[in-house]
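**Q** Each chain, letter by letter, is given below.
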Amino acid sequence: MRYIFHAVRMNLRAAAQYRASFLMQSVAQLVMTGCDLIALLVLIDRFRHMGRWEGTEVMFFFGAMQIAFALTECFGRGLTTFSSVIRKGNFDTLLLRPRPLLLQLSLNACDPRRVGTVAVGAAALIVSSLRLGLVWTPGRLLLLALSIAGTVCTMAALFLLEAAFCFFSVQSVELINMLTYGGRQVCQYPADIYPAPLQLLFTWVAPIVLCLHYPVSWLVGKPMADFSPFLLWLCPVAGPAFFALMTLAWRAGVRRYRGTGS
Amino acid sequence: MTQTAAAMTAEHLSKTYIRRTRGRGILGLTGREAVQVKALQDVSFRMEAGEIVGLIGPNGAGKSTMVKLLTGILTPTGGSCTVDGLIPWKDRRAHVRRLGTVFGQRTQLWWDVPIRDSYALLRDIYALREDRWRRRLGELTDALDLGELLDAPLRQLSLGQRMRAELCGSLLHEPAWLFLDEPTIGLDAVSKLKLRDVLREENRTRGTGILLTTHDMDDMLALCRRVMVLGHGRLLYDGGLQELLQRYDREHTLRCVFSGTPRFGSLPQGVALRQEEGAWLLTFLPGQIPVREVLQLVLAAGELREMTLREMNVDRMIAGMYAEMSL
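Just so you know, the protein sequences line up as chains A and B, in that order.
At position 119 of the first sequence (counting the first as 1) the number is 118 in numbering that gives the first Met the number 0, and the numbers step up by one without a gap.
At position 174 of the second sequence (counting the first as 1) the number is 173 in numbering that gives the first Met the number 0, and the numbers step up by one without a gap.
Hint data in this document are derived by calculation from the structure and do not stem from the laboratory.
Counterexamples of contact, computed for chain A against chain B with all Cβ distances above 12 Å:
(1) Arg139
(2) Leu174
(3) Thr202
(4) Leu231
Beta-carbon label-pair distances, calculated as ranges:
(5) A:Phe229 - B:Arg133: 52 to 62 Å
(6) B:Ala33 - A:Leu174: 21 to 31 Å
(7) B:Glu10 - A:Leu174: 38 to 48 Å
(8) A:Phe167 - B:Ala151: 35 to 45 Å
(9) A:Arg1 - B:Arg154: 25 to 35 Å
(10) A:Thr259 - B:Gly49: 30 to 40 Å
(11) A:Gly132 - B:Arg131: 57 to 67 Å
(12) A:Arg12 - B:Arg105: 21 to 31 Å
(13) B:Leu298 - A:Gly88: 52 to 62 Å
(14) A:Tyr17 - B:His214: 35 to 45 Å
Using N, Cα and C, we set each Cβ at its ideal position, and we do this for glycine too.
Based on the provided sequences and hints, a complete structural model is requested.
**A** Structure, rendered in structure tokens:
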């Protein structure tokens with residue numbers, strides 16, 4: 000525990016070494032997410048509807064997804080930069096330290112400033128919830144928290160898959176970027192505005208929609224067309240299960256690395 | 000097999016990589032062949048706790064592979080190795096907890112923060128007790144002259160300072176075994192001596208076992224009584240450094256300057272002669288031909304103005320040894 004706090008503090012201090020860049024990065028992150036929000040507001044203002052969804056409802060999806068992505072980036076950034084760890088040969092250093100590899104990797108690049116962008120998502124969530132007049136019971140709050148947590152797991156699992164790929168080929172990560180960053184863009188909005196193949200991809204292959212959109216659509220009071228209470232139970236499980244699956248890929252990668260050392 | 004005694008052992012340790020050649024076609028995926036690269040073959044040895052052993056061999060001989068196997072970075076393809084009863088690649092965390100490593104070209108500290116902060120994080124990574132860590136850090140900064148540098152970030156340090164900083168970081172948790180890969184490469188004389196002093200002291204007072212990879216013969220002579228020589232992935236020699244030096248007899252060079260042109264008669268077997276910057280160089284192996292005879296040869300050749308006996312060139316000797324051993 001002490002190690003975790005210490006490592007995070009150290010990243011901050013390292014970033015603070017370059018003061019101008021530190022400030023600019025912090026501001027830039029807020030502005031970027033803020034811009035996404037503004038773009039959404041403009042869209043809503045102009046068109047009022049997105050498929051069967053009211054603008055305010057869309058904003059609720061947007062908020063939930065932003066929170067999930069900000070949290071994932073905070074802990075998973077070390078995974079997205081993993082190819083450079085491999086290329087520079089720094090993976091050996093991780094293997095030489097008596098701590099779990101994924102923990103070290105996550106802490107190496109964990110940047111708590113990213114949590115700042117959670118605020119933007121939370122703002123969107125609260126505003127839309129008020130305007131929709133949603134009634135929150137502890138159970139519903141728990142479901143929201145679980146679905147966000149599940150989404151974090153799913154996104155982190157995709158990051159992990161991307162990192163695992165680096166063991167096999169340093170260049171081929173673009174394919175998975177399509178799922179991670181593409182997923183982030185696509186899943187900001189309710190999934191059923193998209194063509195079926197895209198929906199299927201993010202429901203059953205990379206189950207962001209399953210983790211987030213099904214429960215959120217139910218919370219907002221407009222369940223997805225093929226919604227069933229059974230899915231509500233599946234949602235909190237899908238994320239961690241997907242993550243567990245991807246750790247297998249990661250392990251295979253580590254095994255290969257230790258087999259070939261390159 | 001239970002090996003409880005503190006020692007590092009390898010039995011028939013082997014590592015074979017399979018490397019795929021780039022094939023034909025646009026993607027280079029057709030006609031690819033798998034080539035077996037035998038990086039390490041059938042290496043067996045036993046190193047007791049508290050020994051300092053030098054690991055030498057030309058580039059590509061398998062030194063890094065051996066170190067990576069022993070530190071648990073790589074898994075062997077054949078044979079086994081244990082360090083104090085632990086299997087490096089299986090018991091990774093328990094094993095590396097007792098390990099210190101300094102790999103010359105690669106830093107293990109954090110680049111952008113004062114090295115003091117790196118050491119503090121290492122304290123938490125190795126879960127060291129605060130008071131113990133503090134005392135140890137004091138000891139090491141004194142021994143390595145790091146006091147003034149603790150607040151500088153690593154990137155601002157010179158190579159010599161950085162090496163000392165790395166060594167300090169690798170010793171903080173009082174490892175039982177220390178792996179050093181080219182620790183003195185590129186260092187000035189003072190830094191080299193300091194580093195060697197600290198290593199010797201560490202070994203003497205704490206019984207730290209040290210496996211040292213180096214091309215620097217002075218490091219060897221200063222630190223190791225035992226060396227292992229690797230060539231083409233095989234262990235070619237494992238024994239005393241002095242015996243090794245004696246076995247590969249030292250070549251002596253006699254540098255002579257004459258007034259006028261000397262006249263050497265026919266040279267006896269084992270003496271070679273060449274000219275260099277106005278001087279005559281006679282090289283010979285003392286074991287093969289008595290020094291007296293060589294001197295007589297020189298005195299008979301002409302009027303001698305000056306003469307120096309050059310120390311053996313250890314690096315050349317090693318090169319000769321590699322050439323002879325691994326052909």
